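Enquirer: Note that the protein sequences, when read in sequence, are chains A and B.
Its first residue numbered 4, the first sequence is counted upward by one per residue in our numbering.
Its first residue numbered 195, the second sequence is counted upward by one per residue in our numbering.
In case anyone wonders, no lab produced these hints; they're calculated from the structure.
Because the structure is a prediction, the values reported are computed rather than measured.
C-beta atoms are modelled at their ideal positions from N, C-alpha and C, and glycine is treated no differently.
Hints should not be assumed to be uniformly reliable.
As the list claims (entries may be wrong) - In silico contact screen, one side only, chain A against chain B (beta carbon under 8 Å); selected entries:
(1) Arg6
(2) Ala9
(3) Leu10
(4) Thr86
(5) Thr88
(6) Pro94
(7) Pro96
(8) Gly130
(9) Asp244
(10) Val245
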Amino acid sequence: MSRSLALLRFALGELLAGRRLPIVAALVALPLWLPSLLAPSSGQDATTFALDLFRNLVVPVLLPVVSFAFSTAALGNELRRGTITNLLLKPIPRWSVLGAEYLAAVLATLLVLLPAEVVAQLLAARGLGSGVLLEGMLVATVVGALAYSAIGLLLSLLLSRALLVGLAYALLWEGAVVGVAPSASSLSVRGYVEGVLAAILDSGGGPELTTRLGPASATILSLVVTAVALTLARGRLARMDVP
Amino acid sequence: MTAEARATWTGERAPGPQVRTAGRPVVELRHVSKWYGDVVAVSDLSFELWPGVTGLLGPNGAGKTTTLNAICGLLRPSQGEVLVFGKPLQGDPMLYRSIGVVPDGDRLYPRLTVHSYVRLHAELQGLSGPGEAADRAIGEVGLTELAGRRLRGLSKGERQRTKVAGAIVHQPAMLVLDEPMSGMDPGQRARFIDLVRTVGAAGVTVLVSSHILGEVERLASQVLVLVGGRLAASGDFHAIRDLMADQPRTVMVRASDARRLATGLIGLPTTVAVEVEGDALRARTRSVEAFATELPRLARDSGVSLREIRTTDESLEQVFNYLVRRR
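If we strip away everything but chain A, and leave its shape as in the complex, we get (with noise of 0.2 Å):
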């Protein structure tokens, strides 16, 4: 096994370790799947619902909350516990281990939503549902994972309390500031995520869904922002001194 492999692998293991997986799985699951659960008698549209739930709670809430979770850890713990010198030690390069924690973060993540978001269509349709939309849904999710975790990655090496400045952007900047003024939505992974998920929905004939980034806007901006971050995180640890 290549060591790059075994890296990823150890770094999902660390993440996914003892109870963490099976309680983040539960606090995503429970509010997903209880709503959906009611909406079949409710006589809601089946569709309509599973996206103002996926806008409602998976892209303001849970999506950044378990990408900052992830990834905020992935090097952040190892820093912490001053573990990293088991990694940094090795005949690999440093952005070669930022890459794998980036990997494994976004793979902790998704391995997180995309069942649970899946499972919340099944119960609410009754069945599939709408292809489009869920496409569409765990499109948007992992454009989301990648951007929230090289974020989360980035300030994980830059703060000791990456996990708050992580929060405090995503549920004050995104839900609070980008509300009144629409204009910062460029500077929100929100906004792309929600600009992602509009442009497959119109490709594939779905829901009309209003955004304030065009899909164009969104996609090249959530790359560059994933790009950014992931860029000045493997500076930081180019250069960081290790206690």
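Knowing the structure of chain A, use the given hints to seat chain B on it.
Expert: What follows is chain B alone, placed relative to chain A:
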């Protein structure tokens, strides 16, 4: 270490770079300084390391860990350069194929077992048989019976030996050990010293830090002495001990009548000074051996009972201070 374990040190090594050290030192520090804001951790350090065991000696806060971290590439010097196998480590991570490090502190993953921790090191080193390499390294540090135990349940000495196993799993050409014997009991220490000596005799370059003089004396023939972030002395351990031969030593004696005993002690030709305080006296002598011979005779002749005798200046700090004053 068992004979079997000794034999396996020449087994599989990580596919490392060609480490050619003939004619040049394994490690070179050239005018290395490291400071954090206004605090200078180490200042203008220059020395070389060659195959064999070298002790890095110094009191707490002397800059040992900073020096080791600079050598390992964990921190960048503020000034100067560190070359390992002739290259800066930060520019070539592949050099870590030939380096094993036991850093200070715990730095272990509590959920892992001894075997899975050591195997992780073997996998990250790119060994083709990580399980076998882990078994061998665990055997070399005498932890085979605990291989399946989780690290969170081990004693400090056992965890320390686990770290050593992780550092030697790829049989490196250079080993850096920061206070490796902390937490080990005397038996474990003896076994560990045997391992380090064997590894050093096999041509591995070993740098071991410690603040305990006796520990380094048993481990290394060459020493580097750090005091206040500066290199106070370097070279053969016994030569450095000889440097201290003319340094007066202080001996503390508690006796039934310290004042009467002091009168006799001051008459000895090797005594430099005597201070009396209550039932205790502090004598400074140029020869501890002569003092130890004369003291019982003086006590008997003057009818004084001895309650406690101890040398107070065997502490490393005093030895280091002496070396610094000589510079």
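Enquirer: Give a verdict on every hint.
Expert: Hints, one by one, checked against the model:
1. Arg6: The hint holds - A/Arg6 has a Cβ within 8 Å of chain B, the shortest such distance being about 5 Å.
2. Ala9: holds (4 Å)
3. Leu10: holds (6 Å)
4. Thr86: holds (5 Å)
5. Thr88: holds (5 Å)
6. Pro94: Since chain B brings a Cβ to about 4 Å from A/Pro94, closer than 8 Å, the hint holds.
7. Pro96: holds (5 Å)
8. Gly130: At 41 Å from the nearest chain B Cβ, A/Gly130 fails the 8 Å test, so the hint is violated.
9. Asp244: holds (4 Å)
10. Val245: Since chain B brings a Cβ to about 4 Å from A/Val245, closer than 8 Å, the hint holds.
The structure is inconsistent with hint 8 alone, although it conforms to all the rest.
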